[in-house]
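Student: Assemble the dimeric complex from its two separately framed chains, guided by the hints.
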Amino acid sequence: MTSLVLYPLAGVVALALGLAGLVTRPHLLTKVLAFNLMATGASLLLVGLGHDGTASSDPVPQAMVLTGIVVSVSATAVALAIIARLSRLDPDGVERSD
Amino acid sequence: MSLAAWVFDGTLTLTLVVLGWGAVAARDPFTGIVRYITFGLMAALAWARLGAPDLALAEAAIGAGLTGALLLSTLGRMGLRQASRRAGEALGAAPRAPTPLPGMAQAWSGLVLGLSLAIAAVIGGVARTLHGRNGPGLGPLVDSLRETSGIDSPVAVVLLDLRGYDTLLETAVLFTAVLAVWCLGVIRFRRPPWPVDPVLASLARVVTALLVLVAAYLLQLGLHGPGGGFQAGAVLAAAGVLWTLADRRALRLGESRLARIGLTLGLGAFLVAAVIPMLAGRSFLTYAAGSAPAWAWVLETFIAVSVGLTLTALFMGGLSEIAEDEAEERAP
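If you read the sequences in order, they're chains A and B.
Residue numbers for the first sequence follow the working numbering, beginning at 73 and rising by one.
Residue numbers for the second sequence follow the working numbering, beginning at -12 and rising by one.
Please keep in mind that the hints were generated in silico from the structure rather than gathered at the bench.
Check each hint, because a few of them may be wrong.
[Claimed, not checked] One-sided and incomplete, this derived list gives chain A residues near chain B with beta-carbon spacing under 7 angstroms: (1) 75; (2) 85; (3) 86; (4) 106; (5) 109; (6) 122; (7) 129; (8) 130; (9) 132; (10) 135; (11) 138; (12) 150; (13) 156; (14) 157; (15) 159.
No residue lacks a Cβ here, since even glycine has one placed at the ideal position from N, Cα and C.
So here's chain B without its partners, still in its complex pose (with noise of 0.2 angstroms):
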């Protein structure tokens, strides 16, 4: 058991270091991004292998599978040219100068950072054998605070009761983060941006029927289980990147009231939920007793919708701006 379980640790966690490796070792960035996506999908199995499921579901949702969907929509977006332009240089064809060593002294500072890192951990690893185990840390603490607030997903009750500051602010960055994509232009597409293909377009109605009825389930699941607001919702914006890329009527997102609503909900909620208890004369984001659950359930409700519509439109990249006619696509 102990042999088997150092085997798959092993193998994982070496797989995890040479998909890393091969990511930023990679000569063209399409490579280092499918590298990069493996790599998250590997780490969201260590997260299942570590007890963390919550983060597994977000690691595989958000960190591989959103991540990687924006490097791969920005690498599109950059040209032909340059792709084709890298490709030859892939091949040798027209080797660029090689890079004289551009900052040997920034090499040296990362290479210094990484060891006193690597010296960190091995220092941790001593202590860890030493002592045979770690202490609990934090767990127990947030268990008996758990039965008083009501809420019992431990990560549940740390991210919407304990420090609920944290997933206040983190709303704010979320809704912050589509501000300034937005704030950075528009994106201008052809007419049509790609071929509506029918047969995506039905299959995009049938799967996000799917995708939202697995969001609803992992928002009911988050106050007991893994699950939770930020998963659901990560879910939901697999559903809205599929549109996109099937129905160009999906581009028209930004423009649309509801959908701006939508945007704000999390943080608009949050706050909301924060400000009362203090109408009651407790303070910030103190719920009364008991009422924590009922809190966390609609924050979580607020938050899934609100973060779908955020990864969407952080995935399209931009307010869009469909060309309607020729002369109006070659303006500047």
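Chain A with its partners taken away, still in its complex shape (with noise of 0.2 angstroms):
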């Protein structure tokens, strides 16, 4: 057993993590925040558990969370866009809890 264990786990811990600060955290900022350290943590996992023990890892969880990468900085600017949106609408509307 290798070290590189740790990795998994810690991704693991991470994706809690923003899973418990998605649902539990009242400012949207913290919501969108949270929900890309879920997205870290699921692919600390997903190229962790890939890895063989040897000098790389297997290249297709890696471009699977390439991919990931890019595609949650999309989703996170539309985020980030309609947040902006509501907090001219409505500023108090972006901490609101329920």
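Tutor: Written as structure tokens, this is what we have:
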């Protein structure tokens, strides 16, 4: 067992933290941030488990995660544009918990 | 050696977890965002450690850099009134009534999901310990296909040849994101939106030249090693963000016809490359034997330009409108 097993574990913890933040934190920006944390956690899990203990990782999860990073920045940008619009219409709306 | 590896990996993963916790648990969003950016940089280190330099490049430039910049600029756009109120709360001056645990049910479902994930990870870890190491995964298969395809880099061959559909749709997602952000309305800036600093503007010119050089280097590296269109595009986007901050004329990007064509280049080139093989009787996205590297090179170049412009447009957060005079500025 190599110490690389720690990375998928850290990925799971990051994913769970992100999920907890997404459902419990009231501020919308923190929710977006938590969603990104979940994405990174999931990626760490995928690539970390795809690592066979030699020098390089399985290229297929790597390519999927690369796609995932680009897709999540697009989703983040759209979410943030919606939040910015919301904050103009209803400045208190971004912090409401329900 | 093994102990050193455990110490390094232990420290890095612990840092990741603590920063992730700090990012979501922070009382004010600004602190959370700064911690999240640090988390992203540490994640880039983790990718490098996992033998995934492509991901390290993308995570540092896009995951930490651009996402952080987007979050910070949105926070800034939300206005000072809220920020000062939040600061007051953070100091405990006017504590809001504590949210009466807004969704215990939600928190519970989160906990259950988190627990099931943790159980899955423990099972995976135990299985791995029992078997010593994982199987080789899809690596050998990709290696064998790499020779028929002609693209050297294993990640590039998956992205552009074997799983071209995913990358085609990824360019579509990027394009759609810009359209969605532009549909959400126009951002009005005062004139000037921020003081244009002549030192910053001339620095931006020098740094942009360097960034374009780095992007070109990453691009030509892409078929043989770590790098490629998306990483090069992210570096170009860094130049774009710098220009947006240094010179307000950059905000006119969305009006420029050339830039609008550039935004469509990635998706457009990919669609053309997908359809041309059909003229020769092959199916969608099936390149002729030996022609994959040439296609990949062309696609990566177009993708780099288009990703750079797309991410810059996303950073601007909408079509900008610069108020030309005082009267117009006060208009709703």
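Student: Does each hint hold? Answer for all of them.
Tutor: So, going through the hints one by one against the coordinates:
no., hint, verdict
1, 75, "4 angstroms, holds"
2, 85, "5 angstroms, holds"
3, 86, "5 angstroms, holds"
4, 106, "5 angstroms, holds"
5, 109, "5 angstroms, holds"
6, 122, "5 angstroms, holds"
7, 129, "5 angstroms, holds"
8, 130, "4 angstroms, holds"
9, 132, "5 angstroms, holds"
10, 135, "4 angstroms, holds"
11, 138, "6 angstroms, holds"
12, 150, "5 angstroms, holds"
13, 156, "5 angstroms, holds"
14, 157, "5 angstroms, holds"
15, 159, "5 angstroms, holds"
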